Amino acid sequence: MGSRKRWRDGAGTLHGADVVVPVEVAASYRARTRGLLGRDGIEGALLLTPASGVHTFRMRFALDVAYLGRDFRVLAVRTMRPGRLGLPRPRSRHVLEAEAGAMAGWGLRPGLTLEVRPTPEPPTSP
Numbered sequence: 000m001g002s003r004k005r006w007r008d009g010a011g012t013l014h015g016a017d018v019v020v021p022v023e024v025a026a027s028y029r030a031r032t033r034g035l036l037g038r039d040g041i042e043g044a045l046l047l048t049p050a051s052g053v054h055t056f057r058m059r060f061a062l063d064v065a066y067l068g069r070d071f072r073v074l075a076v077r078t079m080r081p082g083r084l085g086l087p088r089p090r091s092r093h094v095l096e097a098e099a100g101a102m103a104g105w106g107l108r109p110g111l112t113l114e115v116r117p118t119p120e121p122p123t124s125p
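Take the sequence shown: its position 111, counted from the start at 1, is 110 in numbering that gives the first Met the number 0, and no numbers get skipped.
Hints in this document: simulated from the structure, not taken from any laboratory. Among the hints, erroneous ones may be present.
[To be verified] Pair by pair, the computed Cβ-Cβ distance ranges are:
{"no.": "1", "residue 1": "12", "residue 2": "69", "range": "17 to 23 Å"}
{"no.": "2", "residue 1": "108", "residue 2": "80", "range": "16 to 22 Å"}
{"no.": "3", "residue 1": "7", "residue 2": "74", "range": "20 to 26 Å"}
{"no.": "4", "residue 1": "68", "residue 2": "117", "range": "18 to 24 Å"}
{"no.": "5", "residue 1": "108", "residue 2": "86", "range": "31 to 37 Å"}
{"no.": "6", "residue 1": "80", "residue 2": "119", "range": "33 to 39 Å"}
{"no.": "7", "residue 1": "17", "residue 2": "86", "range": "26 to 32 Å"}
{"no.": "8", "residue 1": "118", "residue 2": "83", "range": "29 to 35 Å"}
Remember, it's a predicted structure, so these values are computed and weren't measured experimentally. No residue lacks a Cβ here, since even glycine has one placed at the ideal position from N, Cα and C.
All chains, please: the whole structure from these sequences, using the hints.
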């Protein structure tokens, strides 16, 4: 996906790792601010865009965090316990969050280039 794409909140799938992963896209300020707060877990991953860093204050579970460049190349993958502040990554334009341990199971590692495909919205009836 190009760097000029206009992201919208919604569902999709993440491609480029060893498996296809369901992903929630948080593109609006409100969705990025809410993130995973108040949840006990997540099926798949949450993509925060734009974003260059995250925190885990008031989180109920540990996270895997992948920092992605403008081209969706994985720059770094970290595991963060609750109550931590991650330093912003200067070249990061997107951040992917998942439950701790999930990204290793997906084969997600630095150097991979990922792709997010939005789930098509069902047609609306007149």
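Hint check results:
For the hinted restraint 17 to 23 Å between residue 12 and residue 69, the CB-CB distance of approximately 20 Å keeps it satisfied. Separation of residue 108 from residue 80 is about 21 Å and conforms to the stated range, judged on CB atoms against 16 to 22 Å. Separation of residue 7 from residue 74 is about 24 Å and conforms to the stated range, judged on CB atoms against 20 to 26 Å. The supplied range of 18 to 24 Å is met by residue 68 and residue 117, whose beta-carbon atoms lie about 20 Å from each other.
Range check, residue 108 to residue 86: about 20 Å between beta-carbon atoms, so the 31 to 37 Å window is missed. At about 37 Å, the CB distance of residue 80 to residue 119 agrees with the hint of 33 to 39 Å. Evaluation of the 26 to 32 Å hint for residue 17 and residue 86 yields a pass: the beta carbon distance comes to about 28 Å. Between residue 118 and residue 83, the C-beta spacing of about 31 Å keeps the proposed range 29 to 35 Å intact.
The structure fails to meet hint 5 from the earlier list, while all remaining hints are met.
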